[in-house]
Every structure is written in C-alpha cells, then in structure tokens.
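Chains as they are written, first to last, in my numbering: chain S, 1 to 470; chain F, 1 to 109.
Rather than coming from a laboratory, the hints here were simulated on the basis of the structure.
Even glycine gets a Cβ: it sits at the ideal position worked out from N, Cα and C.
Any given hint might turn out to be false.
Unchecked claim - Incomplete in silico selection of chain F near chain S, CB under 10 angstroms:
| # | residue |
| --- | --- |
| 1 | 30 |
| 2 | 32 |
| 3 | 37 |
| 4 | 41 |
| 5 | 57 |
| 6 | 62 |
| 7 | 68 |
| 8 | 69 |
| 9 | 74 |
| 10 | 78 |
| 11 | 80 |
| 12 | 86 |
| 13 | 105 |
| 14 | 108 |
| 15 | 109 |
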Amino acid sequence: MDSKEIGGGLSGADLLREIERLRAEKEELESRIHLLEAQIKPRGTAEKDKSGSCSLSSLSCPQMNGTTLSGLSPEMIHRYSRHLLLPDFGVEGQLKLSKSSILVVGAGGLGSPVAMYLAACGVGCLGIVDNDIVELNNLHRQIIHTEAYVGQSKVKSAASSCHAINSSVKLVEHREALQAVNALDIVSKYDIVVDATDNLPSRYMISDCCVLLDKPLVCGAALGLEGQLTVYNYNGGPCYRCLFPTPPPSAACQRCSDSGVLGVVPGVIGCLQALEAIKVASAVGEPLSGRMLLFDALSSRTRTVKIRGRSPVCSICGENAAFTREKFQSFDYESFTQSPMSDRSSEKLNLIPESSRITSKEYNEIVNAGEPHILVDVRPVHHFKIAAIPKSKNIPLSNLEDKLSTIDSALKQAAQDSGKCASLFVVCRRGNDSQRAVDYLSKNGFPLAKDIVGGLQSWSQFVDRTFPSY
Amino acid sequence: MTEEPKDTCDVIGSQKTNPSRDKDLAPYIKIKVLFFARARDLTGSTEICLEMPDGSTARDCMCKLLIEFPNLREIYNSMVLALNEEYAPESTLLKDKDELAIIPPISGG
C-alpha cells in the first residue's frame, strides 16, 4: 500500500506530524469542553447522594482542581491506571464504579475475595454484613481474615483488611445477621447486592428482598468441589424463586461444615462474583443474567447453562405476585426451607429413649472402670481417619446392615476375654447418626445398644480436651 | 452410602444388551445425562448414557432416571433441567445425542 496516495502527497514523516498536530488540537478542544462542563455543574454535587450510612457525597465527587479533566483525582488515576487503560472499561467504567455502593452479605469463603476485590477496584461504598466470628477452621478458605482476628467479628476483620488494601473506599460494617426484619433497611442503602452466604433460607430471603427493592443480585455458592453463579433480578431477568419455587429438602442442602469444601473453590466463585458485581456497577459487558455458571473443580470444567427467564407465575416477582414488604418481614424463611440460617445451629435429633443413651462422661467412667464393651464409631471412613477414640471400631452407618455379624462376634470376643457380658456403645461426630444406628441395632438383635450423647464433639468438650475437633 | 463417582459413561437401558439390534432401524436415541452437586451424591455418577425410545420427552427421561435412581426424588422438585445447556420444559422432545443436565442448587459458601 502506498502511503503517499492516502496522505494526499505527504511523506510518511509529514503524516506523523500531521496526526500529532491534530491529536494535540483534539486534546485542547476536549479540555476546553471539560472546563466548560465543569462550570455548568454546581460544585460538589455528587451523582448519587444517598441517605443513610452509605453516603458517597465525599467520595464520588470528582476533584475538579484543574488537572483532573477525566473526573478522577490524580491519585485515582494513578491507583486505577490499569483499569483506565482498558478501552472497554476506561474512565467511564471507573467513574461508575467509584459512584456505586455494593453490599456483600457474608464475610466467609465467598465474601472474602468479593470484598477484597471490590475494595481494591475502588467501588464507592462497600457494605459487609455478617454476625459470625472468625474461627481457625475458617482460615483455609476465608482469605480476608488473619490469625490475629480469630475470635473477633468477621465484619471487623474483613473491613480492616479492605481498609488496608484501599483506604479511599467507604466501608460500612454491619455486625449483625441479615434477617427479614432488618434486610429492607440495610439493602435499600446499596445499588447492588452480592449473596455470599452459606445457607438456603438466607438465599431465598436475600433474593426476595432484592425483588422488593429492585436491586440486582450477584448470587454465588460453593460446596465440596463445585460452585454455581448467577446474576438474579437484573434487567427483567429471573429471581431465585423463578428457578427454585420449591426449596429442596434439608437433606439436599449440605453445608461446608458437614460436607467439606476445598478452600479455593469458594475463592474462584467469589472472584467471579466480584467480576459480575463490577460489570453491573460499571455497566460494562454482559452480566450473567438468565444464565448459570457451573464450576467443577475436580474436572476443571466450567459450563454456562441458559436458565429460564422470569416466571410470570413467580410468587415474588411474577405478574400477579402479592408479595409486600410487610409479608416479607414476617415471612419465616427458616421454616420455609426447613433449615437454619446459622451454620452454628446444628440439627439435634431425639430419636431414641433416654435409657438408650449415655453421656460422654459416663462412657469415660466405663472405660476407666475397665468394664467390657465395644465402641462402634458409625462415621464415614474418611471422618474416622481424621481422629477416633482409641479401640473404637469403625462401621459407617451406611454399612451397618451388612456388619451386624461383625458386631456380634466382637461382643462375644469381649465377653469371652472378660468373662462378663459386654456392652455395645455407638458414637458419631455430633450424636445424630449414633441415634439412628442404635435405633436400627435395637430392632435387629441388639436391644441394649446405647449411643453417646453429643458424640465426639461432647467427648472433646467434656472428657478429653486434647481430642481434635473438626 | 453411595458408589464412587464414575467418569465412564454407563449405559442404562435394556436395549444395550441386545447386540442384534440394527442401529439404523432401531427407534432408539441415546441421551447423555449430566449430574451436578447433590445429584452426584444421589446417583454416584457425574454422567451416564440413557437409551430412550425415539419420541421421548425430557419428562420421560426423568421418569426413567427416577426408576433407576429413586434417591433423585429428593431433588426432583427443586432443580434446573437443562437440555444442551439450555433451560428446557419437561415436554421438550429429545433427539439422539442430546445432553440433559440435572442441576440442583448449592447453598454452601
């Protein structure tokens, strides 16, 4: 291609000079436009002057001190320069982000990367709500917390980490559980909500609240080696209830504290939640609305499935939905989902009579007295490998039916060794499966079997403090 | 309680045992079923192959799965059913080599 023809007879060097001159002229014109625009806008007017604790008036106002034609302060330009260099994001994206307020519900495995990235990237206001305290067994995945904060409020710890990353972000600490009674009040102060909770009732409650207040919801979940991600209630898209009008039974809703989770899995989903929140806040790209991302850590596979649109018959966002704020505030989400909002409250089964149960202290006395017995531990094999009471015999509850003869011969052996009748005790992690086991055993030839109330948790609490808890 | 997850695609359907069946004429279609989250625990598999009579719907496929894996009833009323990575009503007709995904919600975090 001949450059002379394009440039109308100019040489290559002439063309470059001409381009440079025009660019300078363009910049000069643009700066004059910006200065004139600044004169039109009344000084100090924030784009969004919010009431309540998440006011952005001091933060979102561009510093018009002569050098900041973009609307960003020199410090912001320096800090967010890599964002500004992105043609698809640029100054506009950063300005929108700096004027947005985002609420992160949950400062755990998902909430950790969400809050850290949102603080780092410069959202205007970041609210964090949680009433948990930091525990040592959180730290393998909840990377926002450090050892120094074990025993302290998660929100306090998270806010401190976020502040250390970016002190220019307004942080709002909500050290309380988000519940139907306070959710409307808290959520209404923000533009976008990120669901980083760990339980089903909270998920329904947050989704319903976002429909009532018309807030986009970035919803992530992780368990074991899998994660899910969707943006709900965005631009006419579906809400959580459109997809799942009927909650799954409580047995189907496993928790990380029961089923385990590989630390980085909520990390991956949390990062993607931060990304979606940034996209929604800056109006960049195509948020994950009407789609669900499925992450499978074991096979390193990610799938995005198109999900249904908004359901016209949805009880919350449907055409004839009669769901009001009053109904929301009195709705019992825990009974609706048959599961607790707090990870701490664990199921307490009362399946068998008191006479078929002994306490961990009573069992300890039997051991110390040398009374002949066998102790069957009905936890799964991988639990048994973590820690077990010495001489206990691992027969997982799922195999119990096939192992009755093993128990029978162990009892006979113990009786033979001692010359006395041997007792049968059953233990598990918390004292629920052991009751199920005793219930089964009592109906299948072992009427005297007893379980240890509270399981190994009680053993480590009341008998052997050195016994590891998990 | 459940079997180890299998990555191999187990074929379920009585026709598999009939080697004399002429593939070109047989009015049967093969469906790949993918299980996610709790559905993996309940079936012990991540994916299986299902042979269905031609003209079957997603509902027919679910019925067959519920017979094969009665445990799946637990999540049947609260899951996303996706056909070839798209939401599909249960009345959708299935084609040969279709991929049906059973996606119950995860609630942990």
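How about residue 105(F): closest beta carbon in chain S under 10 angstroms, or not? With Cβ-Cβ at 6 angstroms, under 10 angstroms, it holds.
Can you verify the interface hint for residue 37(F): is its Cβ closer than 10 angstroms to any Cβ in chain S? holds (6 angstroms)
Is the interface hint satisfied for residue 57(F)? The criterion is a beta-carbon contact with chain S at less than 10 angstroms. violated (17 angstroms)
Cut-off 10 angstroms, beta-carbon criterion: hint that residue 68(F) touches chain S: Interface hint status for residue 68(F): violated (18 angstroms vs cutoff 10 angstroms).
Residue 108(F) was flagged as interface toward chain S. Is the shortest Cβ-Cβ separation under 10 angstroms? holds (4 angstroms)
Hint residue 30(F) vs chain S: min CB-CB distance below 10 angstroms? violated (20 angstroms)
Under 10 angstroms, Cβ to Cβ, is where residue 109(F) needs to be relative to chain S, so tell me if that hint holds or is violated. Residue 109(F) check passes; min Cβ-Cβ to chain S is 4 angstroms, inside 10 angstroms.
Per the CB criterion, is residue 80(F) less than 10 angstroms away from chain S? holds (6 angstroms)
Does the nearest C-beta of chain S fall within a distance shorter than 10 angstroms of the C-beta of residue 41(F)? holds (8 angstroms)
Can the hint on residue 74(F) be confirmed by a CB-to-CB distance to chain S that is less than 10 angstroms? holds (5 angstroms)
Does residue 86(F) meet its interface restraint, that is, does its C-beta lie within less than 10 angstroms of any C-beta in chain S? holds (4 angstroms)
For the hint on residue 32(F), does the least C-beta distance to chain S fall short of 10 angstroms? Since chain S brings no Cβ nearer than about 13 angstroms to residue 32(F), farther than 10 angstroms, the hint is violated.
Violated hints, in rising order: 1, 2, 5, 6, 7 and 8; the structure is consistent with all others.
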